[in-house]
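Enquirer: Top line first, the protein sequences correspond to chains A and B.
The first sequence lines up with residues 5 to 571 when you count with our numbering.
The second sequence lines up with residues 31 to 489 when you count with our numbering.
Hint data in this document are derived by calculation from the structure and do not stem from the laboratory.
Backbone N, C-alpha and C define an ideal beta-carbon position, used for all residues, glycine too.
Computed from the model, here is a short list of chain B residues facing chain A with C-beta under 8 Å:
| hint | residue |
| --- | --- |
| 1 | A86 |
| 2 | D122 |
| 3 | L186 |
| 4 | G189 |
| 5 | D289 |
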Amino acid sequence: MNHTTPIALHRSLALATVCLASTPLLGAKDTRPGAPCPIQLLDVTESTGVEFRHTYGGSGRLYVFEPMTGGLASFDYDGDGDIDLYFLNGAPLPGTETEAVPRNALYRNDGGLKFTDVTAQAAVGDTGYGLGVAIGDYDNDGAPDIYVNNHGPNVLYHNNGDGTFADVTAQAGVANGKLLGAGANFLDADGDGDLDLFVANYLTFSYELHKVRHHVGNRMYSGPQWYPPIANNLFRNNGDGTFTDVSAASGIADHAGAGMGTVCADYDNDGDTDIFVANDGEANFLFRNDGKCTFSEVGLMAGVAYEMSGAPHSSMGIGCGDFDNDGWLDFYVTGFHGEFALLYKNLGGGLFEDATRLAGAGAGTYQRVNWGNEFVDFDNDGDRDLFIACGHFDRNLKELDRSLDYRQHNIMLMNEGGARFASVSEQCGSGLTPRLSSRGAAFDDLDNDGDIDVAVLNWQDAPTILRNDSARGNHWIQIRLHGTKTNRDGIGARVKVVTGALTQVDEVHSGRGYQSHYGTRLHFGLGKHDRIDRLEVRWVGGGVDVLENIEVDRILDLTEGTAGTSQ
Amino acid sequence: MLRGLGEARLAALCIVACVAAALLMSRSGSDDPTTTAPGPASNAPPAPALEPLTVAMLVEEATSLCRDALNDYEGKAAPCVLMGDLQEDLGDHTEAIKWWREGLRRAPGRADIYRRLARAVSANGEYEKAVILCRTARQIGLPPAGICEDMGSYLLELGKPREAAAALEEELRLHPTSVASYGLLAQAHSQLGQYEDAIANYEKMLSVSPRDKASYYGLATAYARLGHDDKARDCRETFTELRKQSDDAARARKQAYDDTARMREVVAGTHTQAGEIAHLSGRADEAERHYLRASLLDPGATLCREYLISLYIEQQRHEDALGVCRQLSELEPGNPRHNLNIGLILGNMNRFPEAAQALSQGIALAPNQPEGFSYLTSLLMRAGRCKEALVTAERLVALEPTGANYYVLSHVYEANGDMEGAREAIRRAGTLSPGEEDNRRAQLRLQSEATPASPGERE
Numbered sequence: 005m006n007h008t009t010p011i012a013l014h015r016s017l018a019l020a021t022v023c024l025a026s027t028p029l030l031g032a033k034d035t036r037p038g039a040p041c042p043i044q045l046l047d048v049t050e051s052t053g054v055e056f057r058h059t060y061g062g063s064g065r066l067y068v069f070e071p072m073t074g075g076l077a078s079f080d081y082d083g084d085g086d087i088d089l090y091f092l093n094g095a096p097l098p099g100t101e102t103e104a105v106p107r108n109a110l111y112r113n114d115g116g117l118k119f120t121d122v123t124a125q126a127a128v129g130d131t132g133y134g135l136g137v138a139i140g141d142y143d144n145d146g147a148p149d150i151y152v153n154n155h156g157p158n159v160l161y162h163n164n165g166d167g168t169f170a171d172v173t174a175q176a177g178v179a180n181g182k183l184l185g186a187g188a189n190f191l192d193a194d195g196d197g198d199l200d201l202f203v204a205n206y207l208t209f210s211y212e213l214h215k216v217r218h219h220v221g222n223r224m225y226s227g228p229q230w231y232p233p234i235a236n237n238l239f240r241n242n243g244d245g246t247f248t249d250v251s252a253a254s255g256i257a258d259h260a261g262a263g264m265g266t267v268c269a270d271y272d273n274d275g276d277t278d279i280f281v282a283n284d285g286e287a288n289f290l291f292r293n294d295g296k297c298t299f300s301e302v303g304l305m306a307g308v309a310y311e312m313s314g315a316p317h318s319s320m321g322i323g324c325g326d327f328d329n330d331g332w333l334d335f336y337v338t339g340f341h342g343e344f345a346l347l348y349k350n351l352g353g354g355l356f357e358d359a360t361r362l363a364g365a366g367a368g369t370y371q372r373v374n375w376g377n378e379f380v381d382f383d384n385d386g387d388r389d390l391f392i393a394c395g396h397f398d399r400n401l402k403e404l405d406r407s408l409d410y411r412q413h414n415i416m417l418m419n420e421g422g423a424r425f426a427s428v429s430e431q432c433g434s435g436l437t438p439r440l441s442s443r444g445a446a447f448d449d450l451d452n453d454g455d456i457d458v459a460v461l462n463w464q465d466a467p468t469i470l471r472n473d474s475a476r477g478n479h480w481i482q483i484r485l486h487g488t489k490t491n492r493d494g495i496g497a498r499v500k501v502v503t504g505a506l507t508q509v510d511e512v513h514s515g516r517g518y519q520s521h522y523g524t525r526l527h528f529g530l531g532k533h534d535r536i537d538r539l540e541v542r543w544v545g546g547g548v549d550v551l552e553n554i555e556v557d558r559i560l561d562l563t564e565g566t567a568g569t570s571q
Numbered sequence: 031m032l033r034g035l036g037e038a039r040l041a042a043l044c045i046v047a048c049v050a051a052a053l054l055m056s057r058s059g060s061d062d063p064t065t066t067a068p069g070p071a072s073n074a075p076p077a078p079a080l081e082p083l084t085v086a087m088l089v090e091e092a093t094s095l096c097r098d099a100l101n102d103y104e105g106k107a108a109p110c111v112l113m114g115d116l117q118e119d120l121g122d123h124t125e126a127i128k129w130w131r132e133g134l135r136r137a138p139g140r141a142d143i144y145r146r147l148a149r150a151v152s153a154n155g156e157y158e159k160a161v162i163l164c165r166t167a168r169q170i171g172l173p174p175a176g177i178c179e180d181m182g183s184y185l186l187e188l189g190k191p192r193e194a195a196a197a198l199e200e201e202l203r204l205h206p207t208s209v210a211s212y213g214l215l216a217q218a219h220s221q222l223g224q225y226e227d228a229i230a231n232y233e234k235m236l237s238v239s240p241r242d243k244a245s246y247y248g249l250a251t252a253y254a255r256l257g258h259d260d261k262a263r264d265c266r267e268t269f270t271e272l273r274k275q276s277d278d279a280a281r282a283r284k285q286a287y288d289d290t291a292r293m294r295e296v297v298a299g300t301h302t303q304a305g306e307i308a309h310l311s312g313r314a315d316e317a318e319r320h321y322l323r324a325s326l327l328d329p330g331a332t333l334c335r336e337y338l339i340s341l342y343i344e345q346q347r348h349e350d351a352l353g354v355c356r357q358l359s360e361l362e363p364g365n366p367r368h369n370l371n372i373g374l375i376l377g378n379m380n381r382f383p384e385a386a387q388a389l390s391q392g393i394a395l396a397p398n399q400p401e402g403f404s405y406l407t408s409l410l411m412r413a414g415r416c417k418e419a420l421v422t423a424e425r426l427v428a429l430e431p432t433g434a435n436y437y438v439l440s441h442v443y444e445a446n447g448d449m450e451g452a453r454e455a456i457r458r459a460g461t462l463s464p465g466e467e468d469n470r471r472a473q474l475r476l477q478s479e480a481t482p483a484s485p486g487e488r489e
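The following block holds chain A by itself, in its conformation from the complex:
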């Protein structure tokens, strides 16, 4: 290996740091089949009171977007300290007759993993064809708002702070026409302290362009290549409850693709928020922010546009986290049956490499269609595992091959440390046994017991709620950020947690995974460390707060400017 260049030297140093930092405190993990797995997820759906049932609204005409619905959000809508759930729903499409009008649904968390449907009271039961959702306090009034990206006009719900919402889409100017939506994100693109809005679009669709694919005489869904690509939109927050479409001025509109999952993150550690768009069957976009809301598309140069051999990927959802604890955020992009989900390891210096195969991060994904996913430390051992929601959509797959089914198991890949993953799907409890057609997944501590649970939206079915029952004994901390000069949710803020030789980083993202939202409250597993040596928060567009010698095993509220600060 040639170590004579700065980039190669930097990478070798980064690798050396990874090897030191990611050494698991418990030693090597035993992932042999049959071995007890520290990660355990229990399916508790039936006891939660969640009665939502998703519909895709189809009538057999096989519109291309029918399989793509949809995402869900986990967030504390009423500020009572526990995480609530918001499920997106489809809507009747041409040719479909229905008695009850399907709506999105908001479930209030009453504690103990019990939920109550408060959709009607909250007035958030949008009847549009829901695809993506993002949560963010766009007006900085202390209450998180909801943005729904639809097929058709989008919706912005303003949180009134009293358990109700108001549809302010028209006033805000963010309906975005009648486009076919996908993921959405709130981000402070220009560092001015309020949240701007990124809206991804899937493709240029009209019913006149609709096509059905035939394969050996079977009618099947067509794909994005049958339709013209489309650009995404960026709306700048004017600070007065309205937004201005700056798609063209920002450079976002210069690039047309087939947007699906999106995440806004500071991939290059330069203090501003960039945007990664998963494009279905085309080059992914990585929009690098110059800090002033002007974006350059650098996906190809960075190495995240394609997979290892330069072929396009059927990119669906994006997970974002530092899986190898080297201080750089990595991406995990799910895809279609017949290809691996891809792990893009951040090398620093603006470069990524497709590390899927070397890390074993594609295990089980080849045989399935993969959607929602995320890096989550399920067992609190200090490194981030991977959960992947799976499910096909051609319900006549059995006509081709009797062994195939559109309902599929989800996947759990445990981080073994040393930048390797191992599949433990069959060893981590009843949570991975259901065979459904899963889409968006949300990851939050729904019962406030210190570990991350999972909520999954299943296509044409009830959701799945998984309680994390992983082995106790490891420490953790959750951090809830409150911006004052910067946006109230701390969206875009970078948190670094140092415990002994282990340094972990994470960011608050709005909109992530597969067209979903979760994780506003950051979670860190700490292994056997029973104190945090140092905690830094870098606020986007703001300063840095530092705390030292922090107690663990709690939810820490941290307000901007109240800790020891440094510029």
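For this one, chain A is given, so just place chain B on it according to the hints.
Expert: Okay, now just chain B, sitting in the frame of chain A:
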């Protein structure tokens, strides 16, 4: 003179090299004895006009012919492979694997079936199983081309670049024409961080396949890792352009996709394969029916037509063979092989001026390929046009300086009365191919003709 010393061998080799190459590249391999024998002209009825066909009808036709083959060739592996290949084309991997396994049970030495199974399980992401199947195939004698390459690609997917590199290097050692292995080997080196080796192999890949997008992408990555930003940028630009062209073409193909047309291609392929089985079993009439049906179902198919040419030549039906060659030439006007085949067949029919013209057309399409010059030299010599043959023979050895070609040149020199040239050429032939008995005998003969008689002998 050439005519007495191997014309028949050369002519036969020329025909085999071109038109029978398709049989050697057969998908099915063979566990059945080859009992072909030239026979009388076929009395088979002409193929009917193509009737309107639905997908269901086409599937039934293909399935039915596979079932017939299973009955007609009871106990043989070939019809099991035929049925398995059809099921794979229809998307039923489970059924395909079942039939291939049955074929393997009947013929455990069929390395090509192991390869099929490996590809099927790899399509399901089961790369470890695929590697085991490839390793088993390798143990059956000399691994055919592609087995080690496939294994290398599976090992890459398993994140084992070192083992992958070893398999790919073996592929290239055994089968230097397996050019795709260069690209995969480059990926292995890249995964190992051996970027200079990666670059070298990508360059080799591009030397054979200059529009290979993956190689440009790989080069861009490797150059970027080494800090050669300008070269990385140039490669990215080339990749982007090639990618766009490819994506646009793929988009157009998908939008124009016709399921019925695709099924006709699948069924044509099944008929072609069934024809091969019949052909290799000596059932010429049956083979011809299958090849003709395939041609009718898929007017653009070339393999069935190549097999048909081979069949007609075996049956001495040169006019029929010529007609099919001309069809291929119209389907693939840029492919010099068809012009060369036309020239060879016309030469066998003693239609020398037409033959020379066809061969010249083939040479014009591929002026740096030696085959055309080899066949034209042979033809000109048979026609007694020795001076013209000398020009083509010299061009032949310039393009491909092998023992066999110097042997030909030697005879051409001799035919032109240039004995010094003949001796020098045969000497070179002997140096390049020292074990060749023909070269040795020719060299001895030419040397003895050059040696003056001793005084005693003159008296």
